[in-house]
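There are 2 protein chains.
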Amino acid sequence: MTGVAPDLLERARAGDKRATARLLSVVENDEPGAAEVLRSVYPQTGRARIVGVTGPPGGGKSTLVDRLAGAYRERGERVAVVAVDPSSPFSGGALLGDRIRMRERFLDEGVFIRSMASRGHGGGLARTTARVVNVLDALGYGVVLVETIGVGQEEVDVVRVADTVCLVTVPGLGDDIQAIKAGILEIADVLVLNKADRPGADETARDLAGTLTLGKPRTAWKPPIVRTVATAGEGVAELVEAIARHFAWAAQSGERDRRRRAAARGEVEELLRDALVRRLRALLGEERVDAAVARVAGREIDPYAAVEELVRGGTGE
Amino acid sequence: MTGVAPDLLERARAGDKRATARLLSVVENDEPGAAEVLRSVYPQTGRARIVGVTGPPGGGKSTLVDRLAGAYRERGERVAVVAVDPSSPFSGGALLGDRIRMRERFLDEGVFIRSMASRGHGGGLARTTARVVNVLDALGYGVVLVETIGVGQEEVDVVRVADTVCLVTVPGLGDDIQAIKAGILEIADVLVLNKADRPGADETARDLAGTLTLGKPRTAWKPPIVRTVATAGEGVAELVEAIARHFAWAAQSGERDRRRRAAARGEVEELLRDALVRRLRALLGEERVDAAVARVAGREIDPYAAVEELVRGGTGE
Numbered sequence: 001m002t003g004v005a006p007d008l009l010e011r012a013r014a015g016d017k018r019a020t021a022r023l024l025s026v027v028e029n030d031e032p033g034a035a036e037v038l039r040s041v042y043p044q045t046g047r048a049r050i051v052g053v054t055g056p057p058g059g060g061k062s063t064l065v066d067r068l069a070g071a072y073r074e075r076g077e078r079v080a081v082v083a084v085d086p087s088s089p090f091s092g093g094a095l096l097g098d099r100i101r102m103r104e105r106f107l108d109e110g111v112f113i114r115s116m117a118s119r120g121h122g123g124g125l126a127r128t129t130a131r132v133v134n135v136l137d138a139l140g141y142g143v144v145l146v147e148t149i150g151v152g153q154e155e156v157d158v159v160r161v162a163d164t165v166c167l168v169t170v171p172g173l174g175d176d177i178q179a180i181k182a183g184i185l186e187i188a189d190v191l192v193l194n195k196a197d198r199p200g201a202d203e204t205a206r207d208l209a210g211t212l213t214l215g216k217p218r219t220a221w222k223p224p225i226v227r228t229v230a231t232a233g234e235g236v237a238e239l240v241e242a243i244a245r246h247f248a249w250a251a252q253s254g255e256r257d258r259r260r261r262a263a264a265r266g267e268v269e270e271l272l273r274d275a276l277v278r279r280l281r282a283l284l285g286e287e288r289v290d291a292a293v294a295r296v297a298g299r300e301i302d303p304y305a306a307v308e309e310l311v312r313g314g315t316g317e
Numbered sequence: 001m002t003g004v005a006p007d008l009l010e011r012a013r014a015g016d017k018r019a020t021a022r023l024l025s026v027v028e029n030d031e032p033g034a035a036e037v038l039r040s041v042y043p044q045t046g047r048a049r050i051v052g053v054t055g056p057p058g059g060g061k062s063t064l065v066d067r068l069a070g071a072y073r074e075r076g077e078r079v080a081v082v083a084v085d086p087s088s089p090f091s092g093g094a095l096l097g098d099r100i101r102m103r104e105r106f107l108d109e110g111v112f113i114r115s116m117a118s119r120g121h122g123g124g125l126a127r128t129t130a131r132v133v134n135v136l137d138a139l140g141y142g143v144v145l146v147e148t149i150g151v152g153q154e155e156v157d158v159v160r161v162a163d164t165v166c167l168v169t170v171p172g173l174g175d176d177i178q179a180i181k182a183g184i185l186e187i188a189d190v191l192v193l194n195k196a197d198r199p200g201a202d203e204t205a206r207d208l209a210g211t212l213t214l215g216k217p218r219t220a221w222k223p224p225i226v227r228t229v230a231t232a233g234e235g236v237a238e239l240v241e242a243i244a245r246h247f248a249w250a251a252q253s254g255e256r257d258r259r260r261r262a263a264a265r266g267e268v269e270e271l272l273r274d275a276l277v278r279r280l281r282a283l284l285g286e287e288r289v290d291a292a293v294a295r296v297a298g299r300e301i302d303p304y305a306a307v308e309e310l311v312r313g314g315t316g317e
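These protein sequence lines map, in sequence, to chains E and Y.
For the first sequence, position 63 (counting from the first letter as 1) is numbered 63 according to my numbering, and the numbering increases by one without interruption.
For the second sequence, position 147 (counting from the first letter as 1) is numbered 147 according to my numbering, and the numbering increases by one without interruption.
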């Protein structure tokens with residue numbers, strides 16, 4: 001393996017967290033050796049259950065994820081947490097500042113926690129997340145929890161990596177329910193009404209149920225609504241149970257295979273594009289591209305015409 | 001022109017706002033005819049002054065943008081406003097709901113307002129924004145104000161389209177100053193301390209000034225700090241003046257050309273990639289890609305090896 005200390009993967013497999021963190025950095029930042037790491041872990045992937053946790057800010061997602069991690073630990077699972085914040089310009093680690101409870105879990109041998117932010121992924125946060133998840137999967141984490149901050153399109157893309165997507169809402173969501181309707185609800189497999197001890201829980205549950213019946217069903221799965229009070233640990237067992245039910249249904253119905261095939265397609269298409277672009281750029285030559293850019297910048301030619309010329313010339317037509 | 005009503009561009013040029021909105025939708029959603037629109041407007045671009053306005057939520061950016069639009073109108077400019085919200089899953093128009101003042105400006109013939117959200121741009125919000133700005137530029141709007149919601153990486157990318165970037169902050173920013181330091185400050189040409197009548201304005205101004213001296217200077221331009229109270233219109237004339245000074249400096253120093261060349265390069269490279277991928281996909285054939293995807297999904301082969309095989313086969317090596 002070039003570019004990566006040869007024993008890094010070995011040590012990560014043996015449970016060395018420092019080696020695991022380093023390995024993930026190689027993959028996350030697309031450092032030399034990243035492709036080799038991903039290639040060598042690939043045959044070991046596809047075993048973990050990947051659970052996405054998403055929803056508007058202020059829903060208590062971090063606490064819920066911590067509780068979920070604890071519940072899976074009690075069931076004997078090794079658990080990895082990937083916290084993704086597309087709106088943060090910070091690189092890995094910054095999110096952990098306000099995660100005191102999570103920090104305690106750091107001491108647990110069977111838990112690995114990783115923060116990811118938007119820097120340095122060249123816009124491909126969802127792709128990078130999928131790769132990080134693959135590495136954790138191959139390292140033997142039986143459950144990978146992928147938590148996103150926020151509910152934008154990028155979060156939707158990130159959370160698609162999951163076998164089961166949990167959407168976390170809270171009572172009295174008000175206008176936010178509009179945003180949820182518009183996007184994330186479409187991909188939710190389990191709806192979590194957190195802070196369910198607050199006033200307005202019944203109405204919000206009713207609203208959610210109503211919204212669910214409005215949408216066109218993608219599959220035979222009807223997303224259950226699970227009420228939790230994450231700070232007190234209430235409803236967490238029920239949530240674990242709901243996730244397990246969805247996972248079993250997805251495995252049996254073919255939905256899980258469908259999603260994994262879609263993930264494989266995404267990865268192959270991305271790599272294919274990269275490979276083709278590299279080849280053809282070499283063929284075209286940087287000077288020709290530079291010359292075209294200068295003409296476009298000078299408004300001598302529009303970018304479409306410039307690219308037509310380049311492609312025609314470069315492929316000898 | 002195929003796919004677009006032939007007189008649409010004509011009518012938009014004549015100042016028809018409905019036609020302009022339709023034209024922008026064609027470009028924004030990459031509808032048939034989008035390339036033709038962009039090609040035909042391209043020779044007329046490069047005239048507008050493009051002003052980016054960005055900063056953390058709650059800074060009063062919308063009010064400030066409204067005031068700026070008013071100030072430029074008083075100076076006889078036609079003004080376009082592009083409000084970009086990467087975190088919103090809504091398509092164009094939704095942001096205007098809470099922009100009552102902006103809505104009044106809608107009645108002004110010389111002002112055009114456009115909202116853009118993250119849906120339907122396939123991750124290329126910055127690219128789409130640049131194209132929308134190009135169309136408005138070509139339609140004769142002398143000033144294009146590009147406002148972003150939030151301060152994430154995507155906003156940084158969006159605002160790079162601007163000749164002059166204004167970063168809007170408020171007194172007592174607290175921890176947010178960290179986020180600003182980390183990302184957006186690097187690309188700010190003018191710092192705006194809005195709500196400057198609030199307590200803590202002096203400290204925040206000092207913090208900002210201190211942060212500025214810490215960073216390594218990209219150029220000889222030293223971003224000024226302009227204090228405003230947008231709700232009362234205070235400091236807006238000074239802000240317009242600061243933007244004009246930066247624009248003049250950028251034009252004279254070559255910084256403006258540098259940025260526009262970078263924009264041209266980005267557009268050419270994107271189009272080139274698209275064109276190459278289309279060509280080679282046709283060459284490879286969908287069946288071969290499908291077969292590779294199935295093997296990757298089944299973990300028979302890793303995605304890297306699959307792509308190597310495809311590329312080798314497809315180009316006859």
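Fair warning: there could be bad hints in the mix.
Which residues of chain Y face chain E? A partial, calculated answer using Cβ under 8 Å [to be verified]:
| no. | residue |
| --- | --- |
| 1 | G76 |
| 2 | L310 |
| 3 | G313 |
Pair ranges (Cβ atoms, derived) [as the list claims (entries may be wrong)]:
| no. | chain 1 | residue 1 | chain 2 | residue 2 | range |
| --- | --- | --- | --- | --- | --- |
| 4 | E | T219 | Y | A209 | 31 to 41 Å |
| 5 | Y | G58 | E | T213 | 29 to 39 Å |
| 6 | Y | A232 | E | A305 | 26 to 36 Å |
| 7 | Y | D197 | E | G76 | 26 to 36 Å |
| 8 | Y | Q252 | E | P57 | 41 to 51 Å |
| 9 | E | T219 | Y | G124 | 45 to 55 Å |
| 10 | E | A294 | Y | E36 | 19 to 29 Å |
| 11 | E | R278 | Y | D108 | 15 to 25 Å |
It is worth saying that the hints were derived from the structure and are not from the lab.
Bear in mind the structure is a predicted one, so any value in this text is a computation, not a measurement.
Built from N, CA and C at the ideal position, the CB exists for glycine as well.
Now for the hints, and whether the structure bears them out:
Taken as an interface hint, G76(Y) does not check out: its beta carbon lies about 25 Å from the nearest beta carbon of chain E, beyond 8 Å. Among the interface hints, the one on L310(Y) holds; its C-beta lies about 6 Å from the nearest C-beta in chain E, closer than the 8 Å criterion. For G313(Y), the interface hint is violated, the least distance from its beta-carbon to any beta-carbon of chain E being 12 Å, above 8 Å. A beta carbon spacing of about 57 Å between T219(E) and A209(Y) contradicts the range 31 to 41 Å that was offered as a hint.
For G58(Y) paired with T213(E), a C-beta distance near 36 Å keeps the hint of 29 to 39 Å intact. A C-beta distance of roughly 49 Å is found between A232(Y) and A305(E), which places it outside the suggested range of 26 to 36 Å. A hinted range of 26 to 36 Å is violated for the C-beta pair D197(Y) and G76(E), which are about 60 Å apart. Between Q252(Y) and P57(E) the C-beta distance comes to about 44 Å, which sits within the given range of 41 to 51 Å.
The given range of 45 to 55 Å is broken by T219(E) and G124(Y), whose C-beta atoms sit roughly 30 Å from each other. Checked against the given bound of 19 to 29 Å, the beta carbons of A294(E) and E36(Y), roughly 24 Å apart, stay inside it. A hinted range of 15 to 25 Å for the beta carbons of R278(E) and D108(Y) is inconsistent with their spacing of about 50 Å.
In summary, the numbered hints that this structure violates are 1, 3, 4, 6, 7, 9, 11.
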